[in-house]
Amino acid sequence: MKNLKIDKKQKRAELSLNSVFYPEDIVERVIKDFEGVFDTKLEREGGRINIKLKLMAKGANIEDVTYKFINYLLAEVKNSEVNM
Amino acid sequence: MKKNVQSRGINNLEIDKKGGYLIVSINPKIYPLEVIYSAAYVFLDKAYLTIDGNPEEEISVQMKPKGKENLEKLGMEFNNELVNYAVYVVQATRNQPLRKAIIERTLLTNNPSEEEYCPECGAKLVIDPETGEKYCPVADEEAYAEEKTEEPAEEEKWEDVEEDLDFVEDPMGISKPWTPPKEEGEANEKSKNRQKTKKG
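Residue numbers (numbering that gives the first Met the number 0), protein chains in the order written: chain W, 0 to 83; chain C, 0 to 199.
It should be emphasised that the hints constitute simulated quantities derived from the structure, not laboratory data. Check the hints yourself; a few may be wrong.
Beta-carbon label-pair distances, calculated as ranges [said to hold, decoys possible]:
no., chain 1, residue 1, chain 2, residue 2, range
1, C, Ala122, W, Asp24, 48 to 58 angstroms
2, C, Ala100, W, Gly35, 44 to 54 angstroms
3, W, Val19, C, Lys123, 53 to 63 angstroms
4, W, Lys53, C, Pro54, 23 to 33 angstroms
5, C, Asp44, W, Gly35, 21 to 31 angstroms
6, C, Lys17, W, Ala74, 27 to 37 angstroms
Every residue, glycine too, gets a C-beta built ideally from N, C-alpha and C.
With these hints in hand, go ahead and build the complete structure from the sequences.
Shown next as structure tokens:
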């Protein structure tokens, strides 16, 4: 994916999201939900939100967990919209 | 160098075989954001998705299948889902006034504060489903009972019977009484016996 960089060796991932599609408050809430899984850093740059993820859980695959994080975030965004 | 393959049949799909993902480009004027979110939500169990792009000009959905699914097929299925939700949104918008009216009517019907009572007998008024007007069911029942108890005049009764008889058709001759044909000898003996008993 263009907006996702995964470093398997370092167990790190960088995700860049458009704040129009992913509201900040929901991103923050989802990061809180993954508190024990990732060590997270959030940066805002113009209309984008950059998330740096460092996997904390031992034995887990950084790629799998990051993609699950992405889908969980999208589901939360969709469910937050009342009229959808 | 990254090789991007554009799907031959459908020009809104950009497939990256090396990266194992595809990008679906969507015009937000045709498919609003709520439609895109809904379509993406359906694909959450099949693929990993992110939404990006310009919400005014072009929205792009990046999809990476969870299994070994064909990328082009996945993109085309996503396009179908977009159409599906777009139709749903259009229909929902069209039906909105009707749905509102039905809900309002339902809530008003069951609202106890809106109940009215007959000033004469105190019974709860009922709404006529055809006309929508309120009426007293007790008064209505009484009127019906009166109508029923009024006996028709003798002439009217006979007219009714005649009318009923007109409708009775008997092409098979069932209504006529039937007796088995008797033999001549038997019939004569019987008539003689009767005559004897009368005389005796």
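Now the hints, each set against the structure:
| no. | hint | result |
| --- | --- | --- |
| 1 | C/Ala122 to W/Asp24: 48 to 58 angstroms | holds, 56 angstroms |
| 2 | C/Ala100 to W/Gly35: 44 to 54 angstroms | holds, 50 angstroms |
| 3 | W/Val19 to C/Lys123: 53 to 63 angstroms | holds, 55 angstroms |
| 4 | W/Lys53 to C/Pro54: 23 to 33 angstroms | holds, 31 angstroms |
| 5 | C/Asp44 to W/Gly35: 21 to 31 angstroms | holds, 24 angstroms |
| 6 | C/Lys17 to W/Ala74: 27 to 37 angstroms | holds, 28 angstroms |
Taken one by one, the earlier hints all hold for this structure without exception.
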